[in-house]
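Engineer: Chains as they are written, first to last, in this note's numbering: chain A, 1 to 296; chain C, 1 to 324; chain D, 1 to 325.
If you're looking for bench data, these hints aren't it; they were derived computationally from the structure.
Heads up, a few of these hints could be off.
Each computed EDC-like pair below joins lysine to aspartate or glutamate, with the alpha-carbon atoms no more than 20 angstroms apart [said to hold, decoys possible]:
| # | chain 1 | residue 1 | chain 2 | residue 2 |
| --- | --- | --- | --- | --- |
| 1 | D | 240 | C | 155 |
| 2 | D | 240 | D | 308 |
| 3 | C | 119 | D | 230 |
| 4 | C | 3 | C | 34 |
| 5 | C | 3 | C | 36 |
| 6 | D | 129 | A | 288 |
| 7 | D | 240 | C | 34 |
| 8 | A | 61 | A | 48 |
| 9 | C | 119 | C | 83 |
| 10 | C | 126 | C | 203 |
| 11 | C | 119 | C | 155 |
| 12 | D | 240 | D | 213 |
| 13 | C | 87 | D | 230 |
| 14 | C | 246 | C | 224 |
Among the chain D residues that face chain C by a calculated CB cut under 7 angstroms, a handful are [as the list claims (entries may be wrong)]:
| # | residue |
| --- | --- |
| 15 | 7 |
| 16 | 182 |
| 17 | 218 |
| 18 | 219 |
| 19 | 221 |
| 20 | 225 |
| 21 | 226 |
| 22 | 237 |
| 23 | 241 |
| 24 | 245 |
Positions of the beta carbon are idealized from the N, C-alpha and C atoms, including for glycine.
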Amino acid sequence: MTDWINYDHPWRLAWRRYRQSPFAWIALIVCSIIVFAALFAPWLAPQDPYDLNVIDFFDAKLPPGSPSQSGFIYWLGTDGQGRDMLSAMLYGLRISLFVGVLSGLVAILIGMTLGMIAAYFGGWIDALIMRIVDFMLGFPTILVALMLLAILGQGVDKVIFALILVQWAYFARAVRSTALVEREKEYVEAAHSLGLSPQRIMFIHIMPNCLAPVIVLGTMQVASAISTEATLSFLGLGLPITEPSLGLLISNGYSNMLSGRYWISLYPGLLLLLTVFSINVVGDRLRDVLNPRLSR
Amino acid sequence: MNKPVLEIQNLTTRFESEQGIANALDGVSLQIHEGEVVGLVGESGSGKSMTGYSIMRLVEHPGSIVNGSILYRGRNLCSLSPEELRKLRGDRIAMIFQDPMMSLNPVLRIDTQLSETLKAHRSIQKYDANRRALEILHAMGIPSPEIRLRQYPHELSGGMRQRIAIAIALLLEPDLIIADEPTTALDVTIQAQIIHEFQTLIEVRGTSVLWITHDLAVASTLADRLAIMYSGQIMEQGPAVEILSKPAHPYTQGLLRSIPSHNERGKPLAQIRGSAPALTQLPPGCPFSPRCEQAKSLCSSPVPTNQIGISRSTRCHYPTVQTL
Amino acid sequence: MTGFIIRRLIQSSLVILTMTVVVFLGVYAIGNPVDILMPDDATAAERDLAIKSLGLDKPLLIQYTTFLGNLLHGDLGTSFVYNIASIDLILLRLPATLELAICALFIAVLVGLPLGLFCGLRPGSRLDKLVMGASIVGFSIPNFWQGLMLIMLFSVILGWLPSTGRGELGIVFGIETSLATWDGIAHLLLPAINLSLYKLSLMIRLTRSGVREVMYLDYVRFARAKGLSETRIVTVHIMKIVLVPIITVLGMEFGSLIAFATVTETIFAWPGMGKLIIDSIMRLDRPVIAGYLVVIVLLFVFINLVVDITYSLLDPRIQVGGRSA
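The shape of chain A in the complex, shown without the other chains (with noise of 0.2 angstroms):
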C-alpha cells in the first residue's frame, strides 16, 4: 500500500478542482495579464500620460484610431487634455491595482490579528474587539470611507487608509469563527501541553487552517477596494488628478458622453469592469472549491 505517495494535499485537491471550471480559468488569465499588463505600463504604455511635453493638446479628443503626430496611433483615442487613452488607462490600472492591493493585504493583516487574538482569549478582549467591528460592519463601506476622505482630505495614502479601516473588520470577523472552531481541536490542546507559547500556537499552529476563508474573502474584498477607490475618485474625493486612477478618468470623460465623445468614459469604465469582474470570478471560484459542503 503506497498511497501515501500520492496523498493529495488539501491545497492541490482544490487547486485541482478550480481548474475543472473553464470559466474560472479564463479568469485566472485574464487577471494574469491585467497584473502584467498593470506592472509593466511604463514600457507597455506608448505615451507617458503625466510627462506635459509629450502631449498635444491639439490632440484632444480625437476618436479612436486616430494618428497622433509622433506617428504611433491613438488606438482608443485621447482625451479631454489630449492624453493617449490607452496610456493613461494603464497608467490608471496601476494605481488602481496598486491602492487595491495594498490597502487588502493591510486590511488582511490587522483583521486577521486582531481576529485571532480575540478567538484566542475570548473574554472581554474578544467582545471588545467583536464590538468594534459590529460597530464597523454596522456602516456601509461607501459611506464611511465618503466621510474619512471628507475630514482627511486627498491623497493616496489617504485613500488607502480609509479603504483599510473599512476593510479590516470583514476579515476579523471570519478569522474569528474559524479560530473558535480550530481552538476547540485536539492539536491546539497538544500544542498548549508542550507549552508552546500564546503567539506560536496562534499564528503557526492554527492560522493556517484560517486561510481558506481569508483567500476568498480577501480576493471579493481587493475587487470591491478597487471598485470603491474608482467611485471616490469619480465623486473627486479619491485620489488626486496628479495621480489619475480609472475612477478619475471615467469622471473626466462625463461631460463628452452627452456630445457623444463616448470613448473617454467607455473604455476606463470597461477596462475597470473587466478587472473587477476576472477578479470576483476567481474569489467566487475559490469559495466553491474551498467550502467542503458543496460538491454539487
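Keeping the supplied structure of chain A fixed, place chains C and D upon it in accordance with the hints.
Structural biologist: Just chains C and D now, kept in the frame of chain A:
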C-alpha cells in the same frame, strides 16, 4: 401464503462520485407480507436507510436506482410517473425518519404539518382535516392534543416529536410504513415506550412495517422476520425466531455472539475483527470475506442468494446453521 | 419581548451616542472651520468675531455638550452655504432619497427573488449558469460607470428616458411621490435601475444559495415522503425557511442602498440627501455633513431594530425573552 405487499427484486442503487462508484444497495431482494413487521438490521453504511429511500423513490443525486424492481401490490414503483409516485407516498406507503427535529419543518405548526398531508391526498376541508388530526392524536394517547397542534416542533420533547411523526405516517392508514431508525435519537426509556405504542397501533390496523435499525435487540422485539444487511447486500433473511436462535451466515453469528448479554462475565467481549470496508473499495465477491473466519477461496467470487429453508435465504457460499 | 426591545433600545442609544462623539470630533474638531469660511484677507478682528459667534473659542468638551444639547432639540447647526438649519435642508431632501431607495429595493426583490429561486431549484442547468455569471457581472460593474452607460444608452442614443432630475410629483395616499405621474416614473426609472443592480445580483445569489442549502435538508425529503406536491414544497416548506435570512439581509442592505444613493444621485442629478452630502463635502459645509451623519446613524439604528424584531417574529425558533420549550 399471502401475496407480499412489497417485493424488492434484485435492487441496485448506485452512487457515482469523484471517489469512485459505490453500490449502496447491491442486488437486494426483500419481501414484506400483509400485516408483517420486517426488521432490517445493519451497521451504519450498510445501506439500510438507503433501502428505505429507494423504496420511496427518494434517492437523491448523485445516487440513482440502476437495476431491479420494487413491486408494490404488483405495481413496479420504478416505472411509475412522478405524479403517480406522489399519490402513493404518504397515502399507501409512509415513512418515518430518524430524527424528528430534522424532519419536521421548524417554521410550520404541527397542525399544518398534519393537515397538509391529508389535503394532499383527499379532497377535504381545512376544518375536517384538523378534526382528523385531533382524532389521531387522541387515538395515540397524546395528552392535550389541542395544545400540541398549535405548537411548533421545537416546543415539543423528542419523544413527542417522534409521536407526531408516527401520527403523520398513520393519518391515511397506509399499507406499509417504513420506519428508519425512529427510536435511535431518543432516550432509552422513551424508546421502549414508543416501540410499545407503535406495536399496538400497527397491530390494530394490520399495517405492514419495514423497521430499519442497527439495534438487533430492538428489531427482535418487534419483528416477525429479519433481514441482516452488510455493505449493501442482504446477508440473511428469514423468520426472526429462527435467525436469532439458529443463524446461518457468519456475519449474523458474529453479531449475535458480540451482544454483551451473550457473553460471559469477566471474559473479553467477542468481536468481529476488522471493520466494514468503504463502499467504493469493496473486495471482489463476498464483502464480508476479509473479516470472515470461515472464508475460503470461493468467497472472492460473487455470491448469489441461496434458499436454505422455507422463507429463509442467505447470501453465503458456505452457510452453516449454528445453534446459539 | 419587551425586555428584548428595551435591551436593543439601550444598545442603539449607545451606538448613537458613540457616533455623535465621532461626528463631533471628525467634523468640528479636525481642522479649523473658520479658515474655510473666512476669505483669506479677513482681519484678525473679523476672525475673532467669527470664532466667538460660532462658539469655537470654548473648550472642546463644552463645544461637544453644546452640540449634543442642540442635537436633542433637533438643531444640527446651520449650513454654512445655504444659511438654513441643516436639519431642514436634510429633511427636505430625505423623501427623494427614500423614494429612490425603496424603488430600487422593490426592483431587486421583484426580479431577484424568483430568479434566485429558479436557479436554486435547478442548479447546474444552463439558465442557472447564465444567471450566476450575469450576477457576478452585476455586482462587479462599478455603480457609477453603469449609470453613465445607462444614460448613454437610454437617453442619448435611444432618447427614451430623461437623463437627469426628478420628474413631476403627484400625491398618492397623502405622500408626494414621483410614482403618481408618468413623467415622474420616467425620471425615476433609470436611477432606480442603476441603484438596484448591485442589490439585484446579491438577491439572486442569496436566494439561490439559501434554496440550495434547504433543498437537500431532511425537512424537504420528509415533505416529499408525505406525498406533498412540488408546488407546495417549494412555496411553503422551502420558501418559509429561506425567507428568514433573506429578509434580515434585505433590511440591512436597505441602509447601504441609502448610502449608495449618493453616487446614483450625483450622476442623475437626483435631488436627494446623497447629492446634498457630496456637494457639502466639496464645499466643506460642516454642519450639513454632521447633520447628515447623525440622520444616517439614526436611520440605520432604526432599520436594524426593525429587522431584529421582524426576524424574531418570523422564525419561531428564536426566543426573544419568551418562554422556552
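Engineer: Please go over all the hints and tell whether each is borne out by the structure.
Structural biologist: For each hint, the structure was consulted:
1. D/240 <-> C/155: Holds, at about 18 angstroms.
2. D/240 <-> D/308: Holds: residue 240 of chain D and residue 308 of chain D sit about 17 angstroms apart, inside 20 angstroms.
3. C/119 <-> D/230: 14 angstroms, holds
4. C/3 <-> C/34: The given pair, whose Cα atoms are some 7 angstroms apart, holds under the 20 angstroms limit.
5. C/3 <-> C/36: 12 angstroms, holds
6. D/129 <-> A/288: 14 angstroms, holds
7. D/240 <-> C/34: Given pair residue 240 of chain D, residue 34 of chain C is violated - Cα atoms ~39 angstroms apart, limit 20 angstroms.
8. A/61 <-> A/48: Holds - the C-alpha atoms of residue 48 of chain A and residue 61 of chain A are around 17 angstroms apart, at most 20 angstroms.
9. C/119 <-> C/83: 15 angstroms, holds
10. C/126 <-> C/203: It is violated: about 30 angstroms lies between the C-alpha atoms, which goes past 20 angstroms.
11. C/119 <-> C/155: 25 angstroms, violated
12. D/240 <-> D/213: Judged against 20 angstroms, a Cα distance of about 13 angstroms means the pair holds.
13. C/87 <-> D/230: Roughly 12 angstroms between the alpha carbons, so the hint for residue 87 of chain C and residue 230 of chain D holds.
14. C/246 <-> C/224: Holds, because 15 angstroms separates the two Cα atoms, which is no more than 20 angstroms.
15. 7: Violated. Min distance 22 angstroms.
16. 182: 42 angstroms, violated
17. 218: 4 angstroms, holds
18. 219: 5 angstroms, holds
19. 221: Holds. Min distance 6 angstroms.
20. 225: Where the cut-off is 7 angstroms and the nearest Cβ of chain C is about 4 angstroms from residue 225 of chain D, the hint holds.
21. 226: 4 angstroms, holds
22. 237: 6 angstroms, holds
23. 241: Holds. Min distance 6 angstroms.
24. 245: With a minimum Cβ separation of about 12 angstroms from chain C (threshold 7 angstroms), the hint on residue 245 of chain D is violated.
Checked against the numbered hints given earlier, the structure breaks hints 7, 10, 11, 15, 16, 24 and satisfies all the rest.
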